[in-house]
Structure formats: C-alpha cells, structure tokens
Amino acid sequence: MSAPATAESVVQSVDWLAVAPPTLTAVAALAVLVADLFLPGPRKALLGWISVAALAAGLLALLPLLDGDRSTFCLTTDPGVCSYVADRFTLVVQLVVLGGALLAALLSMTALKDEARRLPAGEYWFLLLGSAAGAALLPASRDLATLIVALEVASLPAFALVGLRHGDRRSSEAALKFFLSSVTATAVSLLGVSFVYAVTGSMHLTVVAEEIQRVDGQFSALARAGVVLTLVGFAFKTAAVPFHFWVPDTYAGAPLPVAAYLSVTGKAVGFTGLILVTVLAFPSYAPVWGPVMAVLAALTMTVGNVGALRQRPGRDRSAVRLLAWSSVGQAGYLLVPVAAAAYGDDAARAIGSTLAYALMYAAVNLGAFTVVALVDRSRPAGRVEDHRGLYASRPVAALLLAFFLLSLAGLPPGIVGLFAKVTVFASAVEAGMGWLAVVMAVNVVIALVYYLRWTALLFRAAPEGAPAARRATAPLTAALVVTGLLAVVLSGAPQLILRFTGVTLF
Amino acid sequence: MIDVNESVMRALLAFVVVIPLLGAAAALLPAPPGLRGRSPEQAVLRHGVTVTAAVLLAALALAAGFDHHRPQTMQATTDISWIPALDVRIHLGVDGISLPLLVLTALLTFLCALHAYANPPAGGSPKAFVALLLVLETGTLASFAVLDLLLFFLAFETVLIPMYFLIARWGGAGRAQAAWKFILFTLLGSVVMLLGLLLIGIEAGTFDMVALATGDGRPLTVTVQVVAVLAIGIGLAVKTPMWPLHSWLPDAHTAAPTVGSVLLAGVLLKMGTYGFVRILLPAAPEGFEVFAPYLAAFAVVGIVYGSLACLALARKGARGDLKRLIAYSSVGHMGFVLLGIATMTPTGVNGALFANVAHGLITGLLFFLVGALKDRTGTTDLDALSAQGLQATGAALYGRAPRLGGLLAFAAVASLGLPGLAGFWGEMLALFGAFDPAAGLSRPAYLVFMAVGAFGTLLTAAYLLVVVRRVCMGAPPRDTDGVPLLADVRGHEFAAWTPLVVLTVLAGLWPKALLGLTDPAVQQLFAGGTR
Numbered sequence: 158m159s160a161p162a163t164a165e166s167v168v169q170s171v172d173w174l175a176v177a178p179p180t181l182t183a184v185a186a187l188a189v190l191v192a193d194l195f196l197p198g199p200r201k202a203l204l205g206w207i208s209v210a211a212l213a214a215g216l217l218a219l220l221p222l223l224d225g226d227r228s229t230f231c232l233t234t235d236p237g238v239c240s241y242v243a244d245r246f247t248l249v250v251q252l253v254v255l256g257g258a259l260l261a262a263l264l265s266m267t268a269l270k271d272e273a274r275r276l277p278a279g280e281y282w283f284l285l286l287g288s289a290a291g292a293a294l295l296p297a298s299r300d301l302a303t304l305i306v307a308l309e310v311a312s313l314p315a316f317a318l319v320g321l322r323h324g325d326r327r328s329s330e331a332a333l334k335f336f337l338s339s340v341t342a343t344a345v346s347l348l349g350v351s352f353v354y355a356v357t358g359s360m361h362l363t364v365v366a367e368e369i370q371r372v373d374g375q376f377s378a379l380a381r382a383g384v385v386l387t388l389v390g391f392a393f394k395t396a397a398v399p400f401h402f403w404v405p406d407t408y409a410g411a412p413l414p415v416a417a418y419l420s421v422t423g424k425a426v427g428f429t430g431l432i433l434v435t436v437l438a439f440p441s442y443a444p445v446w447g448p449v450m451a452v453l454a455a456l457t458m459t460v461g462n463v464g465a466l467r468q469r470p471g472r473d474r475s476a477v478r479l480l481a482w483s484s485v486g487q488a489g490y491l492l493v494p495v496a497a498a499a500y501g502d503d504a505a506r507a508i509g510s511t512l513a514y515a516l517m518y519a520a521v522n523l524g525a526f527t528v529v530a531l532v533d534r535s536r537p538a539g540r541v542e543d544h545r546g547l548y549a550s551r552p553v554a555a556l557l558l559a560f561f562l563l564s565l566a567g568l569p570p571g572i573v574g575l576f577a578k579v580t581v582f583a584s585a586v587e588a589g590m591g592w593l594a595v596v597m598a599v600n601v602v603i604a605l606v607y608y609l610r611w612t613a614l615l616f617r618a619a620p621e622g623a624p625a626a627r628r629a630t631a632p633l634t635a636a637l638v639v640t641g642l643l644a645v646v647l648s649g650a651p652q653l654i655l656r657f658t659g660v661t662l663f
Numbered sequence: 002m003i004d005v006n007e008s009v010m011r012a013l014l015a016f017v018v019v020i021p022l023l024g025a026a027a028a029l030l031p032a033p034p035g036l037r038g039r040s041p042e043q044a045v046l047r048h049g050v051t052v053t054a055a056v057l058l059a060a061l062a063l064a065a066g067f068d069h070h071r072p073q074t075m076q077a078t079t080d081i082s083w084i085p086a087l088d089v090r091i092h093l094g095v096d097g098i099s100l101p102l103l104v105l106t107a108l109l110t111f112l113c114a115l116h117a118y119a120n121p122p123a124g125g126s127p128k129a130f131v132a133l134l135l136v137l138e139t140g141t142l143a144s145f146a147v148l149d150l151l152l153f154f155l156a157f158e159t160v161l162i163p164m165y166f167l168i169a170r171w172g173g174a175g176r177a178q179a180a181w182k183f184i185l186f187t188l189l190g191s192v193v194m195l196l197g198l199l200l201i202g203i204e205a206g207t208f209d210m211v212a213l214a215t216g217d218g219r220p221l222t223v224t225v226q227v228v229a230v231l232a233i234g235i236g237l238a239v240k241t242p243m244w245p246l247h248s249w250l251p252d253a254h255t256a257a258p259t260v261g262s263v264l265l266a267g268v269l270l271k272m273g274t275y276g277f278v279r280i281l282l283p284a285a286p287e288g289f290e291v292f293a294p295y296l297a298a299f300a301v302v303g304i305v306y307g308s309l310a311c312l313a314l315a316r317k318g319a320r321g322d323l324k325r326l327i328a329y330s331s332v333g334h335m336g337f338v339l340l341g342i343a344t345m346t347p348t349g350v351n352g353a354l355f356a357n358v359a360h361g362l363i364t365g366l367l368f369f370l371v372g373a374l375k376d377r378t379g380t381t382d383l384d385a386l387s388a389q390g391l392q393a394t395g396a397a398l399y400g401r402a403p404r405l406g407g408l409l410a411f412a413a414v415a416s417l418g419l420p421g422l423a424g425f426w427g428e429m430l431a432l433f434g435a436f437d438p439a440a441g442l443s444r445p446a447y448l449v450f451m452a453v454g455a456f457g458t459l460l461t462a463a464y465l466l467v468v469v470r471r472v473c474m475g476a477p478p479r480d481t482d483g484v485p486l487l488a489d490v491r492g493h494e495f496a497a498w499t500p501l502v503v504l505t506v507l508a509g510l511w512p513k514a515l516l517g518l519t520d521p522a523v524q525q526l527f528a529g530g531t532r
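Just so you know, the protein sequences line up as chains R and U, in that order.
Adding 157 to a residue's 1-based position in the first sequence gives its number in this note's numbering.
Adding 1 to a residue's 1-based position in the second sequence gives its number in this note's numbering.
Source of the hints: derived by calculation from the structure; they are not laboratory data.
It should be emphasised that the depicted structure is a prediction, and the values quoted were computed from it without experimental measurement.
Here a beta-carbon is modelled for each residue, glycine too, at the ideal position from N, C-alpha and C.
Do not rely on the hints blindly, as some may be mistaken.
Counterexamples of contact, computed for chain R against chain U with all Cβ distances above 10 Å [said to hold, decoys possible]: (1) Thr234; (2) Leu333; (3) Ala366; (4) Gln375; (5) Leu563; (6) Ala619; (7) Leu642; (8) Leu655; (9) Arg656.
Simulated coverage check for chain U against chain R, where a stretch passes if three residues somewhere in it have a Cβ under 8 Å from a Cβ of chain R [said to hold, decoys possible]: (10) 77–91; (11) 161–172; (12) 180–194.
Extracted from the complex, chain R is given alone in its bound form (with noise of 0.2 Å):
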C-alpha cells in the first residue's frame, strides 16, 4: 500500500479470461436491461433467449480455466496476495451457480409467458442475472471486502425478484421479510469483518489468517467476537437456523423459478461464503467455529425437517413450502463437512464432500422444482395434493420426480443421493464427530417420511375430476431432461461428483 504511485504499480493487469463468468453474465444483465427498452411486447420472449444463451456462456467460459489455477487482482506489492482467485474450489462453486442460473432461467421463461401480466420481463432478467453475476463472483473472492460486496450483489436483486409480482401481497410481504433480517445479518456482519480488520490489518483471506494468530492477548476477545460475527451473515444466507424463519415464506411467496433459484444458488453464496471465512480466513480458530458450525449443522437439520414433516399436504402453496423446509435441513447436511473441516487433519477432504453434496443437491433440487412448475401450470393452487396420481397423466415426470425425491431422501434407485450422504456421513465419522452423525442418521429417517410420502402420493389413483395436464412447454422440457439426465447419469457414477473429494481445491 505504501509503495510510491507509478503508473506501472497502480495499473493492474487483469487476468480477463478467469473473470469472464461473472463478468459475462453481469454484462448480459445490463444488456438485456438496455434491450428492454427498445423491443416491443411481444418479443420480449428474445430477452428469455439472451439470457439464457448468457448463462450457457458463462459456464463454457469455465471450460479454459480447468487447466490450472489462475488468480487476478493481486496486490502489486505483493503478487501472491490476490483478492480474485479461479482454483478448483471457485469453479466448482461457479459451476453450481451459473448452472443453477440456467436452470432457473429456463422455468423463468414459462413462468413468464404464463404470467406476463404481472411479471415485467425486462426487470426480471436484469435481477436474475445480476443476482447470478454477484453468486459467481462470490466464491472466486479472497478479500473480505469483495466477499461482502459480492454477498450484496447476490442478494439484493435476490429481494426485488422476490416481490417482483404486481399486486400480490404474499409477494411483497415475503420480499420485505427476506429484505430486512438479510440486511441486519450483513450488517452483523460487516461489524464483524470491520473487528478482523481492526485486528489484523488487512481485508485479504490469506494475511488475515496468518496475522490473526499473532493477535495482541488484549484483542483476543475483539477477534474471536469477530469471527463469530462474520460467520453470522453467511449463516442467514445458507438460512442455517436460527436465521432459517424468512425461507418457507419467501419460498411461498416468491414466483416458483425464483423459489428454486434461492433454493440452489441462494444456498450455494451462503455455504460458500462460510468455507472461505471459516477455512481460508480463521483456520486457527477452528476451535471457536468448529464447535458453532456443528451446533447449527445439527439444529438445522432437525429443525428443517422437523417443519417439512408438519406441512399439510393440502395446503395452498404447500409443494414449493415442503421443497423450502427441506431445503433448511439439506443445508443442515451441508454444514456437517464444515464443521468437520475443523476437527479433521484434512480439511480440503471435508470441503469437497460438501461440494459433492451441493452439486448432487443442485442437479434433484431443481429437478423437484421444474415437475413441480410443470404441475403447477394446469394446477395453481401448488398443493403437494395436487401430484395426487400424476404417474396416470404424466407418467415420465411423475417416475423422474420419484427418482429426484428419494435421490433428496439418500435412497435407492436414487443412489447418487445415497453415496453424496455416505461422503457427509464419513467426513463426520472421520472427524471424529460422532454424535452429530448419529444426529444426521435421525434427521435422514425423518427426511424420507415426507419424501417417500409424496412420492406415494405420486402413484396413486388419480382424484375424479383432476383438470387435463396441460403440455410442457420446450423450456420446461429441456430442464427436465437436464436434470434427469444429470441425476440418472450422476447415479450411475458417482465419482464423477464425489471425486471432488479427493483433490486439492484451494
């Protein structure tokens, strides 16, 4: 920071093509905000198609970066120090996101033609994909400033696609509650952050962990509030309990696709944002967030699935409330390789099997969601009721929303469900945390009680008077067919996600 001010010290030079996803999808957003203003109602559709087309970018713009590390925007006077960081870990997290994007974006499409009246295209593809841009930064961040700037641009046109929808009070209500207790936890948050800094001297993950060992002994408190506090709008985020209540509302009030999109990349920026700050930045603190971590992998688990139970089939909105609580307790499982990060030798090991587990959740969570959308077209109250006999209608959706539901539960035929829980269970046993496995074991048979519920549901005879199915439009199809394939391939070899277990990430 001190070096003299030349040109050549202060000009950077940036690594473009590691930067090229996020920036892709952020220069779409501006663009299909800009196109918006001069196409016509009815071509509006074309904004649908560009964004999409940017988000299948985007994730080929991954494609040149699997060749090795790449890092940017690095201090000048210290090349190593860098707050932008392509490695293993990033692309993975890239992957999940930019792809849950896409898949949220081909429901969006449906959804929109659906409800053009009340959803206004142009404003809902700038939020989406600057949403997805902020998510795609966020994991290649390696400053606690960028982290936090990134957390942001993920999360506030988050709250705007949420209460997108013209005249709709749920809508509005549940962007409100989304919108405030997000910004008191990033507020926690940033004081948080504000401490680190305030004790290390720096903002970079890397120099924040060397330097928070060497803390004066009348900081010790400062750093350790600190870390804790930090953790706690990464919490929120992940909707770790207790900062889950805002997702069953949210989830209900919200138009389906951004329910799903929430439930994937909302979720990946959360978990995310705890392994860089928990591994990278406090890694000597393990014994403070170690012990927070598993206390909230066990409660929100318990506590997401505990609520997923309790929901009443015949409920209005009560598939999408059932996807959002269950989501709560797969985040719970999410956590579990976290907090073994801290007791394990090896933490790199541990963080690849929440990777595994995300990818895993990503691909069936969404799968749920788009049959979900698909029944929702000829039946809008989106009772679970409503799948009542959907095998009779629609025989491949009902067979593939079994498959995505017991893939959720860890259960055979879903084997890929079965083995991303068998690495979670193994990164607690190998950790040496065995009560909080035996807490998942529980969670786990409770979880396939309304899992296997609905996908019972989905074979029985259909009621009298069920209105006719309408037909799936492309969109939903080709995201149907994506996460199906996905998930029968991912199956048949696991390893293609477990392997992510096994290398070196950061």
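We have chain R; now place chain U onto it with these hints.
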C-alpha cells in the same frame, strides 16, 4: 462339480445381480410385438416369471460350476473400481456361506413370480408389481454377492423402497401403517449400520470385506471394534429381527401380500444374519466377543418371547392371526440363528447358516400355504377359521382339502424342528454350539442360554401343534351348513410348493449337502477370513 471357466462364472454372477434390474426397467416399457400375450397384465406377469426363471437358472448354473472342493475360497470374483473417491469397488464373489443364500433367494423370488402369475395381485397395476419384485430381487441377490461394505449398504437399502410399496399397495388391512413401520425401523437401523461400516472402513483403510477378514487392512483397536460392532449390530439386529427390535415384523407380515411375506421372511431377514457372519465376525472379532453374550441373551429371550406370543395367539378366543403367528415364530427361529452366531464357534455358526436356509424354505412354504388358505376361506383369523368346522372344533382342513391340510401340517412339523426335516439341524447345531462356546466366552452363561433355548423348542412344538389341531383337524362341516367347500391344491400351487417341500426333506435327510458347503468356509472364517 462341473468344470466351468472362471470368466463364465464371473459373468454368471454378474448376470444374476444385474438382470433383475434390467428386467425391472423393461417391465415398465410396453411389451414388444409378439410378446403381448392375452392382455398387458398377463404379459408383464409372464415377463416377471421369465426374468426370475432366467436368474434362477443362472444361479443354479453358478452352484453347479462352483468348486465344491474349496468352498472356503471366493469364486466367480469380479473386482472393478467404481467410486475411487470413496474407495467403493464393485467386488462380487460367492463362497460356501453366500452360495446357498443366493440360490435360495433366486428360488423363492421365482416361486413368488409364479404365484403372482397364477394369482394376479389385487390392488395396483401388475406392471409396477413386477418391477418392484425385480428390484427387490436385485437388492437381495446383490447383498449376498457383494464383498464391499458400502455396496452391501447400498444393496441393503435397495430393498426398502420396493418392499414398502409392495406392502403399502398390495397389502391387507392396516397396510399403510405397517409399511411405514417397516421402512422407518429398518432405515434407522441401516443408517446406524452405515456409521459403523464407515468407522471400520476409515480406520482400517479399506471397505473390502475380504481384505478386512484376512487382516489386510490396518488393525482395528478394540475400542473401534466395540463401537463399530454396536452400530453395525443394531442395524443388522433390526433387520434380523432380534428381540426387542422386532416390533415392525409382525405388522409387516400381517399386512403384506403373500409374495411380500414370503420374501420378507425367506430372504430379507437373512440379510441381517448374513451380515453378522460376513462382516462382524471376521472384521471385528474382539468387538464381537464383547457383545456376544448379550446377543445370545437377547436371542434366547427372543426364542421364548416369540414362542409365548405364538401360544397366546393360538389360544382359543384370542382372535390370533395366522400370518402374525408365523411372523412371531420367525422371531423365535431367528433367535436360534443369532444364538448360533453368538457362540462364535464353527458349530454354532454352521448351525446358524443352516437354520437360515431352513427357515427360508419352511417359512416361505408356510406363508404360501396361509396365503392359499386366505384365498379360499377369506380369513387368516384362527378363531374364524376353526369356527368353520362342525361345532367350532377346527377348520377341518384334512377333511375339506386334504392335500392342503397335509402340506400345512408338514410345514408346521418341519418348522417345529422334527428330526429328518430341515428345521432340525440348524437349531440343534446352534444349541450344540452354545453347549461349548468359544474360549473367552462364559460357559455357564451359555449353558443357561442353551437350556432356555431348548425349552423354547418345546414351546415352539406346543404352539405349532395347537395350530395344526385348530386348522387341520376337526369335524368337517356338512354341505348344508353354508360353509363353502374348499378347492384343494391346484396345479400351479403344486408347482410352486413342491421345490420347497423337496428341499426341506432333502436338507433334513442329507444335511451334508449344505454343511459341506458352509463348514469349510466357516472354518476359514475363524482361521483368518475367506481368501
């Protein structure tokens, strides 16, 4: 016996495990032209019979090609890496311990498919029924053929969903609740088992059962072994089921359709006891030694408890359900199996394996017979049945349907362990093993267990004879009494039951056929694992 190329054997074993799964997928597709049969229902049920018959033939070929001179060696082994990240390998193989169970499973499933073909199941589409039956077959066959802990867990879990739907869709009264009870109990057990399996795998550095048995992995400390045995043991004990974790079984059996009951008793329960012998005994012997006396104690309590429950159900006026009674008798019979394993002696374990197979044959037959009885009389309630005879003296099956009555009496007598039939040897060897348990186990305690177990055989005889008296004997009603005449054993039933009857007699008269297979393998197990 017959010299068969090793790669053919390998293909046969893979065929046995994979074909039912492919068959299940095929069952969901529309039948191709030329195989449409009389109706889609008939075509798909016939498809089920064809696939299970092919699997049975392959299993028999495997048994024929199996080198009976060295049953202690793993044969037909395949070992391919599947998920390197978790160190999961597709490691298949059979030895003298798993081969009989494999053939038994293939046989019972085939007989079930045959039964379903002749009596199309009421309640749902036959398509789904056949698909589920075949998935169930894959899961059960795989659990006896795999040699990897995590694959074993996968196979163990595979049977849950099909069995749940078989009970919940095609079952009788109270099926929804029974199906839930079944799946939640067993899932909780198997997830706890997974923790134990992971603990063993992580500590030993390998999930391979053969490597663990031969001590190729890192040695496990006693603490690890104790914790692992506790976790895995609970999972297996729920499945077996061991008293007091058995309460899901009577409900599941009572509600399940005939096919479900036969497979549940004949095959699924064996997966639990097989796990004890295949995983716990060789991989964690020191941990197992700690729990062996408790296991034996629970086992004999189960024997007495099951018998007393059966006696109570068989009483006049108790409105006991015959299926429920056989379910409780299974708790008792599996108690003998557990007692045999808990002695940690070759004699006891051989007895356990023998009793396993015998119970599969006899109880499978019993459930078939009771299913047939229910089809004819419409009830399995003992009181209602015996009220059908003149002055409520008994159902008088001997008089009304002599062959059915004779078979039922035969199965009951086989079940109570009459010498000369299959039920005898296993229980005798288990008790004999308890007479002289492994060094390090308290002999006086085991003598007590043996005495209690022997007393249990008396109780078993008592309730089965009561059942025979109340169902088979009695004065037949006169035609004018309005009690329907019963059809005697039909052709397809004869075809389905004969193999079980023949094998029950064969195993009783020529136990060496089975013991010759298991004994060398068991000896090897205690001497350092199957190689």
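Status of the hints after comparison with the structure:
Separation of Thr234(R) from chain U is adequate, the least Cβ-Cβ distance of about 40 Å exceeding the 10 Å criterion. With a least beta-carbon separation of about 40 Å from chain U, Leu333(R) lies farther than 10 Å from that chain, consistent with its non-interface assignment. No Cβ of chain U approaches the Cβ of Ala366(R) within 10 Å, the least distance being about 27 Å, so the stated non-interface status holds. The Cβ of Gln375(R) lies farther than 10 Å from every Cβ of chain U, with a closest approach of about 42 Å, so its non-interface assignment holds.
The beta carbon of Leu563(R) is not kept farther than 10 Å from every beta carbon of chain U, the shortest such distance being approximately 7 Å. Distance to chain U confirms Ala619(R) as a non-interface residue, since its nearest Cβ pair spans about 13 Å, more than 10 Å. Distance to chain U confirms Leu642(R) as a non-interface residue, since its nearest Cβ pair spans about 16 Å, more than 10 Å. Not every beta carbon of chain U lies more than 10 Å from that of Leu655(R), the smallest distance being close to 4 Å; the non-interface claim is violated.
Not every Cβ of chain U is farther than 10 Å from the Cβ of Arg656(R); the closest lies at roughly 5 Å, contradicting the non-interface assignment. Beta-carbon proximity to chain R at under 8 Å applies to 6 residues in the region 77–91 of chain U; the threshold of 3 is reached and the given coverage holds. With 6 residues bearing a CB less than 8 Å from a CB of chain R, the region 161–172 of chain U meets the requirement of three and the coverage assertion stands. Evaluation of the coverage hint for the region 180–194 of chain U: fulfilled, as 7 residues show C-beta separations to chain R shorter than 8 Å, against a requirement of three.
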